[in-house]
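Take these sequences, add in the hints, and give me the full structure.
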Amino acid sequence: MAEFEVVLGADNLKEGEMQAFDVGGNKIAVANVAGKFYAFGDACTHMQCSLAGGDLEETTVICPCHGSEFDVTNGEVLRGPAREPVGAYEVRAEGGNLEIKS
Amino acid sequence: MLETFVIVGASLAGGGAAATLRQEGFDGRVILIGAEPQPPYERPPLSKEYLRGESSFEQTLVQSSDFYGENGIETRFGVRASRVDPAKKVIELDGEEGVAYDKLLVATGGRNRRFPVPGLDLEGVYDLRTMADCERIRAEIGPGRKAVVVGMGFIGSEVAASLRQSGVNVVVVDRNKVPLRRVLGEEVGQVIEVIHRDHEATLIFEDTVAAFKGADRVERVVTQGGRRIECDFVVVGLGVEPVTELLADTGAEIDNGIAVDEFCRTGVEGIYAAGDVANHYHPVFERRIRVEHWQNALNQGPAAARNMLGKDEPYDDIPWFWSDQYDFNLQYTGFHTEWDEVIVRGSMEERNFVAFYRKDERVLAAVAVNRGKDLRRSMRLIKAQRPVDATKLQDPDVDLRALVGTVHK
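Taken in order, these protein sequences are the chains called B and P. So the first sequence is numbered by the working numbering: it starts at 1 and just counts up by one. So the second sequence is numbered by the working numbering: it starts at 1001 and just counts up by one.
Think of the hints as simulated: they come from the structure by calculation, not from any bench. Built from N, CA and C at the ideal position, the CB exists for glycine as well. Treat the hints with care, since some could be wrong.
[Stated by the list, open to error] Derived lysine-lysine pairs resembling DSS-like cross-links, with alpha carbons at most 25 Å apart: (1) B:K14 <-> P:K1146; (2) B:K27 <-> P:K1373; (3) B:K14 <-> P:K1359; (4) P:K1373 <-> B:K36; (5) B:K27 <-> B:K101; (6) P:K1213 <-> P:K1146; (7) P:K1359 <-> P:K1383.
[As the list claims (entries may be wrong)] Covered stretches of chain B (in silico footprint by chain P; criterion: 3 or more residues with CB under 8 Å from a CB of chain P, positions within the stretch not fixed): (8) 7-16; (9) 29-43; (10) 72-83.
Structure (structure tokens):
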């Protein structure tokens, strides 16, 4: 069973920002959307660019390489060229820390 | 009476348009006609991941093969449309009965330019446009094989990179001083040149092919400069011309493609065009532009479809494309033919930069290498068409999204 793993102090990820973490061998990105945290697979399913290196617009993350768009709340593709969703992970702010379950 | 909308060109633009008609609730007949035998597929992988054998044909499909039948879209793949009679509103097809239309979208795309060079028809001399072309080149790829790539535009550059990545020895011949000079200018072209040299592609500039030579198949390329380059195969990439013959004698204006207004309409009632073939009046740049890239096909086809349904939505997306070469991600956005200055943010030397092409203090276009976030952010800047301060463009700490509307003092 995967456990929640502390990745960062929750205050260190500001609103509108994203950061990627290595959790249990997976690269997982966390986005702060208006104070709410969402975790998703960091590698774009098109050509594996880091989504955390792209832009976040509300709950949409935009891949910096080819413009694919994903919904950070569930990992679904909103716009190609990517076709496959990225993984969605559980994330919580617990005791001032961000924790991800991989 | 149900209306019939016909789309000629089973491509990204054409396939997307057909899907859009159904998504928008059109309940008439939709007929999608394409000269190639496959259902619509995306072409960018053909010079990159598909050429290198890293992705499948299914992954290139615009829609799953079942999509068309499930959505009541009649398909005629492998069928060439030859002529349109705008008075009778009939499209003639090669070897099949013609079809009547109420509205017609032409998304016939482009074909590779061919130049009269001796030996061009030799076995082993290829160009790249279609899946069939790509399969022929793929069959030649192998470690230690020797290829000559003719022309170092985007297709030539990407093919050269993919061949190198597959272990093929590559010599490129291009008439210019640097790759991609016409679009990107010399400075950026030099960055691309160094990237290719670092990957041990042999680059020959300011020379052109005089002849392809060989007994049964190509064995060497002879250049105007007197070089003789031994090779196993050749890929020619010397640009594309729009396929406009379908609308010859219809009264539609043909001018660097099929001329259309901002709604993708030709001057002939009921006939529209989109994608590579369309020379479209762009409301932001206030002139016609013809774009041969993925995003334009992806979005302009559906835009044309919505206008066929009377939505009256001008198509005003800012052109954008990418070109992945080796581990480098190059992107371009906007439209420019001339510029006053190139303003660079980042470092060309470190191959992490965005270069802005500025004219009259407005950013017309931008190109980036490994700096996609800034590139995407500059799209809004280009659309706004407002004067922008050069020092702010250069400063990596300035968020480009905040510059929309910044006035230079």
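How the hints compare with the structure:
1. B:K14 <-> P:K1146: violated (52 Å)
2. B:K27 <-> P:K1373: Since the Cα atoms of K27 of chain B and K1373 of chain P sit roughly 19 Å apart, the hinted pair holds (cutoff 25 Å).
3. B:K14 <-> P:K1359: violated (37 Å)
4. P:K1373 <-> B:K36: Status holds; Cα separation ~23 Å.
5. B:K27 <-> B:K101: holds (12 Å)
6. P:K1213 <-> P:K1146: At roughly 15 Å apart (the allowed maximum being 25 Å), K1146 of chain P and K1213 of chain P satisfy the hint.
7. P:K1359 <-> P:K1383: Status holds; Cα separation ~14 Å.
8. 7-16: Per the Cβ count (0), the hint is violated.
9. 29-43: n = 0 at 8 Å, threshold three: violated.
10. 72-83: Holds: 3 residues of the segment 72-83 of chain B have a Cβ under 8 Å from chain P.
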